[in-house]
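**Q** For reference, the chains in residue letters:
4 protein chains.
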Amino acid sequence: MSSETVEVRGHLIDSGVLSRVLDDILEYGGDYSIDKFEVGKTPTDESYARLTLKMEQDDDIARLIMRLQTHGVNPTDPGEAMLREVEQDGVFPDDFYSTTNLETVVRLGGHWVPVENPEMDCGIVVVGERARTIAVSDIKAGDHLVCGAGGVKVVPLPAIDRSVGGFEFMNSEVSSEKPQALLVRQIAQQMRDVKSEGKKVLWVAGPAVVHTGAAPAMVALVEAGYVDVLFAGNAIATHDIEASLFGTSLGVDLKQGRGVEHGHEHHIRAINQIRRAGSIAAAVETGVLTGGVMHALVTHGKQFVLVGSVRDDGPLPDVFTDVIEGQRAMRAGLKDVGFAIMVATMLHSVATGNILPASIPLVCVDINPATVTKLADRGSAQARGIVTDIGLFLEQLALELAPAYREGSRPGEDV
Amino acid sequence: MSSETVEVRGHLIDSGVLSRVLDDILEYGGDYSIDKFEVGKTPTDESYARLTLKMEQDDDIARLIMRLQTHGVNPTDPGEAMLREVEQDGVFPDDFYSTTNLETVVRLGGHWVPVENPEMDCGIVVVGERARTIAVSDIKAGDHLVCGAGGVKVVPLPAIDRSVGGFEFMNSEVSSEKPQALLVRQIAQQMRDVKSEGKKVLWVAGPAVVHTGAAPAMVALVEAGYVDVLFAGNAIATHDIEASLFGTSLGVDLKQGRGVEHGHEHHIRAINQIRRAGSIAAAVETGVLTGGVMHALVTHGKQFVLVGSVRDDGPLPDVFTDVIEGQRAMRAGLKDVGFAIMVATMLHSVATGNILPASIPLVCVDINPATVTKLADRGSAQARGIVTDIGLFLEQLALELAPAYREGSRPGEDV
Amino acid sequence: MSSETVEVRGHLIDSGVLSRVLDDILEYGGDYSIDKFEVGKTPTDESYARLTLKMEQDDDIARLIMRLQTHGVNPTDPGEAMLREVEQDGVFPDDFYSTTNLETVVRLGGHWVPVENPEMDCGIVVVGERARTIAVSDIKAGDHLVCGAGGVKVVPLPAIDRSVGGFEFMNSEVSSEKPQALLVRQIAQQMRDVKSEGKKVLWVAGPAVVHTGAAPAMVALVEAGYVDVLFAGNAIATHDIEASLFGTSLGVDLKQGRGVEHGHEHHIRAINQIRRAGSIAAAVETGVLTGGVMHALVTHGKQFVLVGSVRDDGPLPDVFTDVIEGQRAMRAGLKDVGFAIMVATMLHSVATGNILPASIPLVCVDINPATVTKLADRGSAQARGIVTDIGLFLEQLALELAPAYREGSRPGEDV
Amino acid sequence: MSSETVEVRGHLIDSGVLSRVLDDILEYGGDYSIDKFEVGKTPTDESYARLTLKMEQDDDIARLIMRLQTHGVNPTDPGEAMLREVEQDGVFPDDFYSTTNLETVVRLGGHWVPVENPEMDCGIVVVGERARTIAVSDIKAGDHLVCGAGGVKVVPLPAIDRSVGGFEFMNSEVSSEKPQALLVRQIAQQMRDVKSEGKKVLWVAGPAVVHTGAAPAMVALVEAGYVDVLFAGNAIATHDIEASLFGTSLGVDLKQGRGVEHGHEHHIRAINQIRRAGSIAAAVETGVLTGGVMHALVTHGKQFVLVGSVRDDGPLPDVFTDVIEGQRAMRAGLKDVGFAIMVATMLHSVATGNILPASIPLVCVDINPATVTKLADRGSAQARGIVTDIGLFLEQLALELAPAYREGSRPGEDV
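Protein chains in written order, with numbering that gives the first Met the number 0: chain A, 0 to 414; chain B, 0 to 414; chain C, 0 to 414; chain D, 0 to 414.
If you're looking for bench data, these hints aren't it; they were derived computationally from the structure.
Be a bit skeptical, because a hint or two may be false.
When chains are identical, the list treats them as one kind, so a pair holds in a single copy or across two.
Stated by the list, open to error - With a straight-line cut-off of 25 Å between C-alpha atoms, the simulated SDA-like cross-links for lysine to any residue are: (1) Lys301 with Gly39; (2) Lys40 with Arg19; (3) Lys40 with Tyr27; (4) Lys194 with Asp335; (5) Lys139 with Val287; (6) Lys301 with Asp94; (7) Lys139 with Gln272; (8) Lys40 with Pro113; (9) Lys35 with Arg19; (10) Lys152 with Lys334; (11) Lys139 with Ala276; (12) Lys53 with Glu37; (13) Lys198 with Pro316; (14) Lys35 with Gln87; (15) Lys198 with His110.
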């Protein structure tokens, strides 16, 4: 029988944190006693709890502690971090410390060292006096990795102040029955705030942006400076380019609002033309590509990371066909990001959620409640979801943020 | 073995009509030969087909013909209608003619008499020289009802001219991947056209209109004259009234955009207050109710028919608790309707689809594709579906149709 | 400023109860201080909390207390219940006590009197020394109703013992990603337990039971004694009867597994035949109806309550067309029910959830996650949801519970 | 103005083919006249149509013909195929012939040569006297590619004989309201037929197979010989291995049927262990992995192709991280496949649909109707969809096909 004393401080009751902590202990097969509990008397007071955990095995208690750290629970006496030398490229030691996406510090040589680039499901590699997260596929034999749960502390996110009522539209619930127009204005405000702090806005977007006729709204947002980085796949870029070259997007004639069934032949021809040009940027330079979202990103010098998938046609020459290389490019693209918005994509949203620190606010917009739910389920606790129509959402967001769009002609209107 | 010669004229191939006709013959266990087929050579030419149907039993062939009439197929020699005297209140003779929702004529005494109030799944009662549809629950012993398929001709809807591209956004397909902003403008235009012809616009609406914060947009549409009749249930009226009285709607605080879980207690208190007043109109007159959609309908003298359901609390005093009486009130409300729009309700949309003539254009808007599909499946072939967010849809429709709303303050903004 | 001291005891933290209590106080615009908090040290210990509530208005604090009572919170000093005489039929006094669906007691003349028939959103009427819930539509002038929150105590449900792991498949989550075969066996076991205690099993079922070809499985469950009461609408009964009379169900040829589009004509003819017979039971007696679920219920002397809706054709003569009368019949049908299962119906499931005491375990089975979520949102906290296919679910449940079904021929197999 | 005469033979009307042909002509901006139309008189007779197409531009008419070939329409005088030498690796000539997934022949030197490996959205490369499809990413400078629509004929699929009623449950419709138990038996029969012809059964499966507790059923199907090839991603293999190593799958405790929230830490540890072993097969050999679906595939010598995606953790060492290489491996895995079944995966199902010849029957099973619809939308016209619960579906399929499973213990039962 092994035991360990842990503690947690914060809005433990009203946020439901303590409830989840106790749940997890039982689910992991452990037992507990609550040794001390100081309740916050008023809504603004913090509470404090100290618990003794008990489990059969040392290994298991270390893993339970890693689990509880996702809730901000830490050992009262974390001790010193233990480092092991990695024996084999791409393989962690068995007892590696598995990270959360929260701010984390490790105790090395008596000092608390911050872990750079918080990301969940990674290891912590220590080089000299610095520590950073590392994906299992990037670890090399000879690297020094933090093992066990000792010497690691996780700093929980500050509780959202519920009595003030700032940017908080949907917590656990995912629902389409919310005052959507209000939510659009809240997101617009948050984007303005992030930009005024000198931070970047990251978009993760799927092809429905083009299908719903929202590409002009998206272009307006790029032009107005509210799209700094785009993470996406081959599909949205191809549909956007197809729409520019042929006026169709996988068979939807956007002017008339009616669909050509399949119409895949436009699709593969659009890809072929960009392959001939060599890259999207080259196609813009040579005048092959003259409109659309990708064109706007190129002409405004914005960054995009396109990562392919097994269902891709082509793909476009800019697309990472190796997904691990694509993940690395996405990680590099997170620098200075202060806000992330995910629209109409499951695959790239989950991928981004996997690598995003918990400290970056995140909004997920989709007409399908399951996409939002799935994202939250994977551990992106900071995710906020809006179930709405992408086309109308982007139209309204552009009206809020892009004054030029407000006056200018809109799609389907005669100019 | 029984046989009958039938014919059909129109855009038989490109519309898929002939394909469905042949399908239905086989599904009903019949056989056919195509005796004559004159194909329209160009896209605008009509085609003509004459078929011989064969079935084992006379009864079955009569029922097959009724089925084919939903596609505009009629016997070449329909003969004279046969009338039977009804023996029992609320019960049709076994071989009653079951109606389509298309324009229909019956041959009585050598003359073709139009059937008033086309409605599907009804009988045709003949009184003197007039014929009209009648629901089974309204038939009385002694009434004269058309029986068998003889002497009945159905006039198919004019084919939508596909080469022109008017009001045609979604045919068989139901999809959220459409240019939604364009669709809003098309619907706005159609509403203007209907009003300029002196016809009425019928709305069928569910509670999500209130939950999504779209009640102010709906009020603007009432004030601008684009809501002549509302068919709904107890829920939307209650939530709208609750929002006016308490600022909440089943627990959604509309100003802050956050939800009170359940909060049913507001709900039943709102109902109780209107019950005390005696009716919604009385509550408006006495100053109990001062805002919201129901208030706008009352003050602008617009009609509403509220029909209850088994899940209702209360209900409000205006609600028909007997659903058959409610159906009668809805039928009466169809007079002069030239366009129907259904938003965010399955139950009342299907109910309205059941009684609506096929000649009235119909748009169904819901975030759930299943609602639209279900409506179309029940025989409302003229139904067009839009899968989108109700809140943003109504916001945009109000911006198109209600100039005052455009300038005025919007919900959630400081005035 | 008004204040009141309340207390609550139980598994306050791990169940999340206390978190919801604090949420509700703030959402109602109140303030609190936690005066005492005794935490349960181990997983099996109960906790105890005493809070002081503060609000601007007396009225509001009474309503907040009613709200908190849904979580088992009660005033420390409830005092005596206040009764008011009702002035108008069908209208409660403004400050009426709005009930939860939990076991409740009222203090009358110094004694705690249990409230009969717990049901939410009702009033409490007192007749002599007895108290019972009453719907607003049933109240009469002169009745004595409990008003304000004084003198009322709610008895919370016993916490589900999480360490034992009995019948607990889905808590807050609704998901199709669960080991479904295991869930079927758990439900079968619970039905056996309920029957062995002499209690009844209530089914609430929608038409998909017939569409999915599961009627034979349902018949087997009736025959095996696991369907005591059925709450349903016109649709399932009609489709079931149509399937027996014509071998089709709204156009699905069940033997071949292919669909006749619409085919509504069978539907209305089936209804007409039962109307001629006078009732479903009469149709069984006279040999008109010889198979299906309704036939099985009649021949085994089981109870069914069919309540109509505005979308109904016909309806069948057994259907309550007045929904308030239908609700009364459903309330009467709850006697001795020990377990409720809802399959493939939103409307009648919500209606049943509205009138069901929280003490009756409830399982909701639907392929659409939204149905389950909606049910739970309306206050049926004891609801457990399974997202699965109705056809395969009932097939498997019948294999578990009906040995005869196991050996016998199954639908689609040659006999 | 350019024109071309085309012809088509088959069940043109009842199948809806001619309707779609005429639609496509108008959607591509062309015009037509029907020069000859010989209608099949009876349900079994074929029809024949000859049309003249007219378009502004030669290029456009070539592309329209490629489009119409997806419906089996061919030029009456196709002439000789034109070959162009490819100038640049990975780029097709502008006027490349874009393939359908139907059987195709090209006329080379006066002979009709069959195109090997029918696959849509590809080019046709000619090497010596042989022709085969080639993806754009695989083309090399110097290759000879078929360009324009001349000299290419497409052989339409034989019409499904609708009067017989074999394996035909869902045509255009996707619905959960079908007799599901019957469908399971039809699929089982088709699998037996395919195996008895010496063909392979291809499975494409997503992680819900494991989450729903259906892994034991899937193992039984592998053991019984009904899983020859598996196309999947990192997720299902990881969850299956996690379930074997830790008894959990992304937080679902399969024995108890309750979920550990997230629990990602098991997930990454399972991957790490297989990475240490070097491959899944090596982990089986060394005794690290002793159960589950992947174990069964390895021990029974079955093939699996795992292709990664950007959201993957790890990944497992067997996973193709380059998606284009993964596509090549999947193409190689199609050899001798006679039947394909896709369960609970969107990404890999669409990817497989992209490369599958139309001649291979295909069933798609998912609880989400959108997945099936999306698959069909992408051009897999031979796709049949079943909307049902994966867990119960696989349980029932195993009961049909794996006698050992029938007798053996089932998950959750005491042995």
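**Q** Against each hint, give a clear statement of whether it holds in the structure.
**A** Tested hints:
no., hint, verdict
1, Lys301 with Gly39, "neither (47 Å within a copy, 54 Å between copies)"
2, Lys40 with Arg19, "both (21 Å within a copy, 16 Å between copies)"
3, Lys40 with Tyr27, "between (31 Å within a copy, 18 Å between copies)"
4, Lys194 with Asp335, "within (11 Å within a copy, 54 Å between copies)"
5, Lys139 with Val287, "between (44 Å within a copy, 23 Å between copies)"
6, Lys301 with Asp94, "neither (41 Å within a copy, 33 Å between copies)"
7, Lys139 with Gln272, "between (40 Å within a copy, 16 Å between copies)"
8, Lys40 with Pro113, "neither (33 Å within a copy, 34 Å between copies)"
9, Lys35 with Arg19, "both (18 Å within a copy, 22 Å between copies)"
10, Lys152 with Lys334, "within (24 Å within a copy, 53 Å between copies)"
11, Lys139 with Ala276, "between (38 Å within a copy, 16 Å between copies)"
12, Lys53 with Glu37, "both (22 Å within a copy, 22 Å between copies)"
13, Lys198 with Pro316, "neither (29 Å within a copy, 37 Å between copies)"
14, Lys35 with Gln87, "neither (44 Å within a copy, 56 Å between copies)"
15, Lys198 with His110, "neither (30 Å within a copy, 65 Å between copies)"
Hints 1, 6, 8, 13, 14, 15, counting from the list given before, are not met by this structure.
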